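Colleague: Sequence:
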Amino acid sequence: MPSALIHEIIPVGLLQCNCSILGDTSTGEAIVVDPGDEVDRILEILQGHRLKVRAIVSTHTHIDHVGGLAALHRTTKAPVLIHEADVDLYRGLDQQAEWLGVPTPEIMRIQDFVKEGDKLRWGNFSAGVLHTPGHTPGSISLVVTADPESSAKSGGVGPQSDSNRSTETMDRAAARLIAGDTLFQGSIGRTDLPGGSYPQIIRSIRDKLLVLPDHLLVIPGHGDNTTIGAERAHNPFLR
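The sequence shown maps to residues -16 to 222 in the numbering used here.
Hints were generated in silico from the structure; no laboratory data involved. Any given hint might turn out to be false.
Heads up, simulated BS3-like pairs for lysine-lysine below, C-alpha to C-alpha not over 25 Å straight-line [as the list claims (entries may be wrong)]:
{"id": "1", "residue 1": "Lys191", "residue 2": "Lys98"}
{"id": "2", "residue 1": "Lys98", "residue 2": "Lys35"}
{"id": "3", "residue 1": "Lys35", "residue 2": "Lys60"}
{"id": "4", "residue 1": "Lys98", "residue 2": "Lys60"}
DEER-style ranges, computed between Cβ atoms [said to hold, decoys possible]:
{"id": "5", "residue 1": "Gln(-1)", "residue 2": "Val70", "range": "24 to 34 Å"}
{"id": "6", "residue 1": "Leu200", "residue 2": "Gly11", "range": "17 to 27 Å"}
{"id": "7", "residue 1": "Ser180", "residue 2": "Ser9", "range": "38 to 48 Å"}
{"id": "8", "residue 1": "Gly100", "residue 2": "Leu200", "range": "20 to 30 Å"}
{"id": "9", "residue 1": "Arg222", "residue 2": "Thr8", "range": "38 to 48 Å"}
{"id": "10", "residue 1": "Lys35", "residue 2": "Pro(-15)", "range": "31 to 41 Å"}
{"id": "11", "residue 1": "Pro(-6)", "residue 2": "Asp71", "range": "21 to 31 Å"}
{"id": "12", "residue 1": "Ala80", "residue 2": "Pro(-15)", "range": "17 to 27 Å"}
{"id": "13", "residue 1": "Arg92", "residue 2": "Ser9", "range": "30 to 40 Å"}
{"id": "14", "residue 1": "Asp175", "residue 2": "Asn208", "range": "22 to 32 Å"}
{"id": "15", "residue 1": "Thr8", "residue 2": "Asp175", "range": "35 to 45 Å"}
{"id": "16", "residue 1": "Pro(-6)", "residue 2": "Glu89", "range": "18 to 28 Å"}
Only a predicted model underlies this, so the values are computations on that prediction, with no experimental measurement involved. C-beta atoms are modelled at their ideal positions from N, C-alpha and C, and glycine is treated no differently.
The task is simple: from the sequences and hints, build the whole structure.
Modeller: This is the structure we're talking about:
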């Protein structure tokens, strides 16, 4: 059976973080990005598609994006991946919870990290890691593409350095950008929280994201999808 990309986007939690479940129909492998809350709902969708989670990834470690990490890891046993620059922010989840007036979620020890240029592979798909600091020091964005060589790679979905294929040759059916809270439809991530930097987030967007093809679908951390071309043309922060 030819591979097709399953991509379920579900807003979860108090702040409606966009959690992405990305799976391969032919292999049943998947990754989950930004499980901020509602882990039972995430598991129900995984079970409905008969998917096995190979990795759990957070684009950054604000509480609304990581609140469900520990619970999802405990159930699936999949490794949890973040950028190392966001470790201290994750360790301060109790402070983040206090700011929002919510209970502190379960915290786990994170031992696996991704960096610029890594590729995460599941089934016949992969996600290239872009380090896009500014919203937080360790914010990342993921460029998802079809990758027929993925299944043949040893070591599964863990971070592997690899030379990126030209974005001009992306399979349009699968290609998309999971932007976390770096780029939104008509806006950008806030930079007034600890570790935020307005000049840095603008540099990340211009140098890392706006060089991608205009047709590329963008899934932000909150709100509606957009495209690179639409944000280049209309985003008031990027003019």
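Colleague: Quick one: which hint numbers does this structure break? Sort them smallest to largest.
Modeller: 10, 12
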